[in-house]
Every structure is written in structure tokens, then in C-alpha cells.
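All chains, full assembly: derive it from the sequences and hints.
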Amino acid sequence: DAEITQSPRHKITETGRQVTLACHQTWNHNNMFWYRQDLGHGLRLIHYSYGVQDTNKGEVSDGYSVSRSNTEDLPLTLESAASSQTSVYFCASTLDRGDTEAFFGQGTRLTVV
Amino acid sequence: AQSVTQLGSHVSVSEGALVLLRCNYSSSVPPYLFWYVQYPNQGLQLLLKYTSAATLVKGINGFEAEFKKSETSFHLTKPSAHMSDAAEYFCAVSDKSDKIIFGKGTRLHILP
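Residue numbers (the numbering used here), protein chains in the order written: chain A, 1 to 113; chain B, 1 to 112.
Among the clues, some could well be false.
Listed below are the simulated DSBU-like cross-link pairs for lysine-lysine, each with C-alpha atoms no more than 30 Å apart in a straight line [said to hold, decoys possible]: (1) K104(B) <-> K11(A); (2) K69(B) <-> K58(B); (3) K68(B) <-> K104(B); (4) K68(B) <-> K58(B); (5) K104(B) <-> K57(A); (6) K58(B) <-> K104(B).
For the record, the hints were derived by calculation from the structure and aren't laboratory data.
Structural data, given as C-alpha cells:
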């Protein structure tokens with residue numbers, strides 16, 4: 001079965017370190033998204049990609065970067081981790097834009113100490 | 001720019017009672033609207049979606065939602081709550097060329 005997987009599921013890192021969260025989907029979807037989920041804020045869009053070599057900033061992109069070198073993967077990098085980036089991160093993918101369902105990974109809980 | 005507002009971050013209903021979760025949207029073009037559910041320690045999964053085919057949309061687990069353009073609303077309902085419905089529910093909006101924007105979520109509590 002096709003799926004979308006995130007790794008690691010849990011991570012603790014220190015302030016200032018670079019961290020990369022992996023997202024891999026086998027749906028062959030064009031579009032991939034990274035969200036962070038925080039109490040009181042719901043899901044906020046960090047970055048997204050509509051295809052290989054395409055990346056776009058979302059509403060909370062500062063301090064994060066992504067790259068899309070193939071269809072399956074969209075890794076999220078925190079350049080220099082900050083305590084404000086402690087959150088649960090979700091990756092999602094859709095086949096097309098607009099009315100298609102988004103499929104979500106299980107999430108990565110990141111703690112920055 | 002599109003946005004959604006979910007009224008009430010927490011809603012409590014008794015088992016067997018009506019569930020009503022409110023969502024209002026803002027969009028400059030005809031929107032696509034979604035409800036997603038998140039169970040503890042899991043990702044989100046689609047409950048139902050509106051894509052202009054019918055204003056009353058039926059989803060999984062007995063949920064349905066009605067699109068009301070005049071009220072810019074897409075409220076989620078279920079006639080009779082079950083303990084297994086306890087979860088967080090997210091309303092979301094998109095259009096033909098844009099990403100999906102989520103509301104802040106409503107946590108549904110079911111009282112025995």
C-alpha cells in the first residue's frame with residue numbers, strides 16, 4: 001500500500017544545531033507540504049512543493065528550508081534550532097491542487113533544549 | 001487569501017447527543033472545503049470534502065457537513081455522538097491553484 005512516512009518520530013536536539021526531518025511518500029504525488037502543529041495555532045504551513053525542484057514558503061518559513069530533488073522526498077531542515085521550534089511536525093502530500101485529499105504522515109515530535 | 005475560522009477550541013457533548021462543530025471560511029474564489037479528524041498521536045485523515053457537486057456532503061463515521069454560501073459556513077454535524085468520536089477536528093480550505101489552509105482545530109469531548 002502507498003504511504004507517507006516521517007522519520008524520526010521523536011527527536012531531542014540542542015539549541016543551535018542543524019536538524020533534518022525526513023518525509024518520504026510512495027503515492028507518487030506531485031505536491032508535498034510541511035506543517036507544524038502547536039496548541040492554540042492548529043496546523044501552520046511551513047514550506048511546500050508542487051514538484052521536483054519547486055519549493056515555496058508558507059506562513060511560518062523563517063528558520064526552515066526544504067529541497068525537492070525527487071518526487072518521493074521533501075526533507076525539512078532547521079538551520080539553527082531554536083526553542084521556539086519545539087513542535088510536532090507533519091508532512092502531507094496531494095496528487096493535485098484544489099479538491100484532492102491530503103495524506104498525512106504520523107508526525108515528528110521535535111524538542112529543542 | 002483564504003482562511004478558515006473554527007468557533008470553539010473545545011466542544012463537549014454527551015454520548016448520543018448531536019455533534020455540531022462550526023467552521024466559517026473566507027475565499028475570493030469558489031472554495032474547496034474539507035474536514036479532517038486527528039486521533040491522539042496520529043496524523044490527520046479526511047472525514048469529508050465539498051467540491052461543488054452537492055451542498056450536503058456525507059463523510060465517514062456518520063458525519064456530514066452542509067455548505068452554505070450565503071453564510072460562508074461549512075459546519076460539521078453528527079446526529080448521535082459516540083465515545084470513539086473524541087478527537088480533534090480541523091476544517092480546511094483550498095482552491096484550484098493553491099495549498100490547503102487549516103483552521104486552529106476543535107477538540108471534541110464525549111461525556112458518558
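Do the hints match the structure? See the list:
The suggested pairing of K104(B) with K11(A) holds, with an alpha-carbon distance near 24 Å, which does not exceed 30 Å. Distance check on the hinted pair: K69(B) and K58(B) sit about 18 Å apart at the alpha-carbon level, within 30 Å; holds. A C-alpha spacing of about 21 Å is found between K68(B) and K104(B), which places the hinted pair at or below 30 Å, so the restraint holds. With a C-alpha separation of about 15 Å, the suggested pair K68(B) and K58(B) falls inside the 30 Å cut-off, and the hint holds.
For the suggested pair K104(B) and K57(A), the alpha carbons sit about 20 Å apart, so the restraint of at most 30 Å is met. Annotation: proposed proximity of K58(B) to K104(B) holds, straight-line Cα distance about 22 Å (limit 30 Å).
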